[in-house]
Amino acid sequence: AQSVAQPEDQVNVAEGNPLTVKCTYSVSGNPYLFWYVQYPNRGLQFLLKYITGDNLVKGSYGFEAEFNKSQTSFHLKKPSALVSDSALYFCAVRDIGSNYQLIWGAGTKLIIKP
Amino acid sequence: DGGITQSPKYLFRKEGQNVTLSCEQNLNHDAMYWYRQDPGQGLRLIYYSQIVNDFQKGDIAEGYSVSREKKESFPLTVTSAQKNPTAFYLCASSTYSSTDTQYFGPGTRLTVL
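Chains as they are written, first to last, in the numbering used here: chain H, 11 to 124; chain V, 2 to 114.
Think of the hints as simulated: they come from the structure by calculation, not from any bench.
By construction, the Cβ of each residue, glycine as well, lies at the ideal position given by its N, Cα and C atoms.
Lysine-lysine pairs mimicking DSSO-like chemistry, simulated, CA-CA at most 27 Å apart:
| hint | chain 1 | residue 1 | chain 2 | residue 2 |
| --- | --- | --- | --- | --- |
| 1 | H | K79 | H | K68 |
| 2 | V | K84 | V | K10 |
| 3 | V | K15 | V | K58 |
| 4 | V | K58 | H | K59 |
| 5 | V | K10 | H | K119 |
| 6 | H | K32 | H | K123 |
Partial list, derived from the structure: chain H residues whose beta carbon lies under 10 Å from chain V:
| hint | residue |
| --- | --- |
| 7 | Y46 |
| 8 | Q48 |
| 9 | R52 |
| 10 | F100 |
| 11 | W114 |
| 12 | A116 |
Sequences and hints are given; from them, build the entire structure.
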């Protein structure tokens, strides 16, 4: 069965420190992988996606994600966290054999402390 | 100003009542989606539509209905058959060719009284 796991409900980071939000996946074929961000009481915003090619994907707001096929992971990273990065982050995956449907992780709340 | 609008922002429903959530987009997107978001869970797909006058059930369609009479509009009706409708509802849209890059509306929070 296809699935996405975000093992941490919450991640706390001091402002200026690097941050990592973890995501692992399980799909039957080659995955399309995504990160979205949700600010309080708002809809989700697309951050970045991996389809093929370079394992390090760069996205919006200085975020990047590293695809690791052997570990079936797609962790979200940022070298220096900002307080404004505090939000809920969702990882999602689509099996290239499926149509339209994204499989979503449960979300990780990122808190950046000044 | 392009985007997706959802209304109302907050909605209260009495037991046994049907309610309709509005979703409108002016992005000229072919595909539209409805998701339900509950605390501690990922988004769950209710319905999606690839073109006008066509839609498919997602994982949790029971107790919900939709219509797609216009490209811009994809309203969701939460019927009395939905046993636990209190949730945050998100509408999204995408182009036909890039269905996984979805653009989301601001959401409607539905509470059953």
